[in-house]
Amino acid sequence: MIPNATPITPELVAEHGLKPDEYKRVLDLIGREPSLTELGIFSAMWNEHCSYKSSKVHLRSLPTKGPHVIQGPGENAGVIDIGDGLACVFKMESHNHPSYIEPYQGAATGVGGILRDVFTMGARPIACLNALSFGAPEHPKTRHLVSGVVAGIGGYGNSFGVPTVGGSVRFHSRYDGNNLVNAMAVGIAQKDKIFYAAASGVGMPIVYLGSKTGRDGIHGASMASAEFDEDSEGKRPTVQVGDPFSEKLLLEACLEIMHKGCVIAIQDMGAAGLTCSAVEMGAKGDLGVVLDLDKVPCREEGMSAYEMMLSESQERMLMVLKPEKEKEAEAIFRKWGLDFAIVGETTRGNRFIVRHQGEVMADLPIKELGDQAPEYKRAFVNAAKPKVIEADDVPAPVGLNEALEKLIATPDLCSKRWVWEQYDHIIGGNTVQRPGGDAAVVRVEDGPKGLALTTDVTPRYCEADAFEGGKQAVAECWRNLTAVGAKPLAVTDNLNFGNPERPEIMGQFVGAIRGIAEACKALDFPVVSGNVSLYNETNGKAILPTPSIGGVGLLDDFTKSATLAFKRAGEAILLVGETTGWLGQSMYLREICGREDGAPPPVDLIEERENGDFVRALILDVSATAAHDLSDGGLAIALAEMAMASGIGATLDDAPDDIPAHAYWFGEDQARYLVTVPAAKVADVLARARAASVLVSRIGTTGGDALTLPGESPLTVASLRDKFEAWLPAYMAGEMTNA
Amino acid sequence: MKAAVLVFPGINRERDMARTLKLTSGHEPAMVWHADSELPAGTDLVVIPGGFSYGDYLRCGAIAARSPIMDAVRSFAGKGGLVLGVCNGFQILCEAGLLPGVLMRNENLRFICRDVYLRVERSDTPFTRGYNAGQVIRVPVAHGEGNYIADGETIARLEGEGRVVFRYSSPDGMIDPNWNHNGAINAIAGILNERGNVLGMMPHPENHVEPAIGVTDGRGLFAGLTEALGRAA
Amino acid sequence: MKARITVTLKTGILDPQGKAIEGALRSLGVEGVASVRQGKVFDIEIEGSDRAQAEALLKQAADRLLANTVIENYHVQVLG
Amino acid sequence: MKARITVTLKTGILDPQGKAIEGALRSLGVEGVASVRQGKVFDIEIEGSDRAQAEALLKQAADRLLANTVIENYHVQVLG
Ligand SMILES: Nc1ncnc2c1ncn2[C@@H]1O[C@H](COP(=O)(O)OP(=O)(O)O)[C@@H](O)[C@H]1O
Ligand SMILES: [Mg+2]
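Protein chains in written order, with my numbering: chain C, 64 to 802; chain H, 143 to 375; chain L, 4 to 83; chain W, 4 to 83.
Calculated from the structure, these hints are not laboratory results. Hints may contain errors.
[What the hints assert, rightly or not] Below, computed lysine to any residue pairings styled on SDA-like, alpha-carbon distance capped at 25 Å:
(1) Lys13(L) to Ala298(H)
(2) Lys43(L) to Gly26(W)
(3) Lys550(C) to Ala354(H)
(4) Lys479(C) to Pro313(H)
(5) Lys22(L) to Leu82(W)
(6) Lys5(W) to Gln56(L)
(7) Lys623(C) to Pro313(H)
(8) Lys390(C) to Gly26(W)
(9) Lys43(W) to Ser30(L)
(10) Lys62(L) to Gly32(W)
[Stated by the list, open to error] Which chain W residues face chain L? A few, computed with CB under 8 Å, are given here:
(11) Val36
(12) Ala37
(13) Val44
(14) Glu50
[As the list claims (entries may be wrong)] Quick list of the computed label-pair ranges, beta carbon to beta carbon:
(15) Pro70(C) to Thr72(W): 34 to 42 Å
(16) Gly510(C) to Lys62(W): 56 to 64 Å
(17) Gly26(L) to Gly276(H): 49 to 57 Å
(18) Ala743(C) to Gly276(H): 52 to 60 Å
Quick caveat: nothing in here was measured; it's all calculated off a predicted structure. Built from N, CA and C at the ideal position, the CB exists for glycine as well.
Taking the hints into account, I'd like the entire structure generated from these sequences.
Below you can see the structure in the form of structure tokens.
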């Protein structure tokens, strides 16, 4: 074991990921050389993941307030008011790197972490979603990663007992060495019983709860940890293994002691475990903290202070308890078979003191650990705006049918059933709309309220134009919630980018945030929580910029939610929104023409809002019988999806003269929806649209068992479905997860 | 009806089950902790719900099957009391020896959550009197280990004695490997014990009972049970 | 004392995992495997140092919990 | 030829199953078990009779499919 008093060499500092000037800051702050444990603590608190040092400046520009926002960013999860004395608590977080190293456990612990964030605040989780980005299907590792990540997400959520109701899956070669796993969790709490991290009161017991601490996930210095290891086993693994069973017990125990009024403050142990949680509780409460590591329940023998402070063992919590409730709380934890240990107390003064085996291993200013973290205004350059591609410059397909059949069988547009059937999406008995629609709808227990949930982003748009792409991600999220009839309330974001030290990457980051901020403002759709994941690159090649947006919307009556399935024959199909035939960055361009270029479709946020409000009103007054937003693949794909969801076909009218047919059917103009309306209501709906200055046109009629595009032979819905469903299972058939 | 829903650590469909029992019978069930050694007085139905008792560690249901409350369930069943095990509950009943056979990993080794079709083989049991024999119902499954197997002799007995109550089928009631998602022998989805008072089944009828949420084909089971118990009382 | 209990499926009991592994090995191009059956091992640390006592303890653990003797066999080894 | 591959978790890797089993044994009254770690065995039938070839084959099967070498160790035995 390296003694705590080891001289701190520049190598050791570098191994801890601290830059020389950052280390100098440490020295200035504490006025002496840090001990090894202290160095570990600084490296944990000041790394990008915990300190947000590259992103903080920019995150401040996001709109985070709104009449229904109870808690914005800054706590474990965001909280919004959904009426009836209830609050919705939600957040999205990435587990990208761990999922690449060990896909099953990496994804599983990602789900575990985000669930903890939600129930730490006193909410019972009611749904999970995820946004997954994988490398090209033909890359040798992709299949294995898909298999492991999906099994891991299911493995954790299913066992924990929360329905996984939605998400997204995409493939692109830019994720070859760097897949993304973004997990979102949503919970419900009593509005007046939300729990926070800030400790209060001096001399209060700090309690450790949950599973024991092991050497999991200690990144720190590889050199230092190699030397820690005395046995011959060689390198110590840093992979965290998830234990959904323990987490389920932790959930029940936490909710029970919260309910019994035992808790003053609570913080889960996530990244940088004990260090981060203890510092946060103290710093937020303007208090010092003393930890006695001899009391920490350990799974392995001979753990050093350094290891205990940096361990990322899962399924653990830190709490400040009301002293008079200590016994009651302990009994509850014992009943659930969980560890319970008083490991410290709050103190006056702002020191963070860590004791182990009679020695002070760390003695640091607690506020500064968080507040004085370096903050960078990194240089950034905005990429040149790509040129707009005219529809006339893109060749027409051999036939519309052929293009449609090809598109619905591509990796990004095909059915993701193979994925979501591995997730228990109905447990709880509240899933009103299962995966496969625009947004999942989950009943708020005993109704009549329902929540609509979705995650969205179109990375190829962001790559072409980060600002428009950022706007689009928010707009699409808002649109998906609207398409089921929900009123969009707030979002969580998960910003996945490459190395922020490269100005062009920083340019993407800054651009995307500006776009997100603008869209969130225009749509009254505040950001209440989020997560940043930087350095997603391999060999200098960054991922596509991927700002995933997770949205929550509210339905006053969940039975009023709309689905995308055609309901009956003979109804009018109406297209809402303006169609110009925008092919730049479209799926058509990429998959049919083999080109990934041009400017992405611009998002007119005013139009977005007007069109969405119009559609929502149609759904809520039961004028619209089905609704679907238009996104990847445009109009033809949306129609096929509506037909496949129902088994009912449709016959479509000619494209307008002024737009080339392929641009009309496959263009990706934004702010558009399809709705079906009974024949008798068409005139009324069109009149209302005119009155509201919303562009609506009738484009066809439902019926039959085939989709018939003008001038094309009918495509049976059954044959479309076969193609739509076939790709992913066929692709995955080549893989078996590790037995 | 006085139902008791058993709660083991890691069980997670107990709330779904309790709500359904309340909804279909009008009576709130008692929630009974695994460490208890007795069922509440007057219990006339024991329900072991789905979930992941003990995380499905070791073997699904193995650890729960050995908890104190299971002795009480054994003696309750021995006296003819009705016991319903759904999903993990079915696994627990097999591990506890109250039902024969085992539930192995699904044939494709993946967890599967989807609606399936079940052919109700008999309507003359307290569990299925709400259905007609031969009727096909649509209910969801959500499991990774639902592949029922037993030795040849046991299967022959189960079949011979008409103890296979539910089978995975096509929507029109045909037994077809394409509609047997987990590979169970003879498409077995639910079986009775010898005496006919203990039923184990993999699918979740409790998730298909509310019109507002969707299909209601699971109602028949609970309505039938309520009626059977009402009559007995 | 260290010990190991090995639990294997009885002959005649179908092993879906084993079968799937056979198929997966073939499709990975690993040729020459005629059959695979999957079982479990439990590496157990026992208090005390009496071998006979340890064996009795392990047998008890296997009978009562670790093996489902309807479908599984087990084998106990005290490694010392 | 018969062979066995034993796959065990690397030291330090959390074994939730083992932990749950320890607890279950205790509550069943089986006393004296200090710790349990669960692993897998694969009983494999191999075509041919060349030992060295068999070992190479098994190693390949373990590396490519049966063991997750990020968190697991494996051990190959040709039993003949
Ligand atoms: N992109 C973002 N947008 C808004 N808030 C963010 C974003 N990223 C992080 N945050 C907020 O910063 C805080 C710290 O985030 P994080 O470190 O991911 O949380 P945790 O400590 O729970 O892992 C959280 O309150 C989170 O909501
Ligand atoms: Mg947190």
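These are the hints, each one checked on the structure:
no., hint, in the structure
1, Lys13(L) to Ala298(H), "19 Å, holds"
2, Lys43(L) to Gly26(W), "18 Å, holds"
3, Lys550(C) to Ala354(H), "20 Å, holds"
4, Lys479(C) to Pro313(H), "23 Å, holds"
5, Lys22(L) to Leu82(W), "21 Å, holds"
6, Lys5(W) to Gln56(L), "32 Å, violated"
7, Lys623(C) to Pro313(H), "28 Å, violated"
8, Lys390(C) to Gly26(W), "23 Å, holds"
9, Lys43(W) to Ser30(L), "22 Å, holds"
10, Lys62(L) to Gly32(W), "14 Å, holds"
11, Val36, "6 Å, holds"
12, Ala37, "4 Å, holds"
13, Val44, "4 Å, holds"
14, Glu50, "5 Å, holds"
15, Pro70(C) to Thr72(W): 34 to 42 Å, "36 Å, holds"
16, Gly510(C) to Lys62(W): 56 to 64 Å, "58 Å, holds"
17, Gly26(L) to Gly276(H): 49 to 57 Å, "36 Å, violated"
18, Ala743(C) to Gly276(H): 52 to 60 Å, "41 Å, violated"
Comparing the model with each earlier hint shows violations of hints 6, 7, 17 and 18; every other hint is respected.
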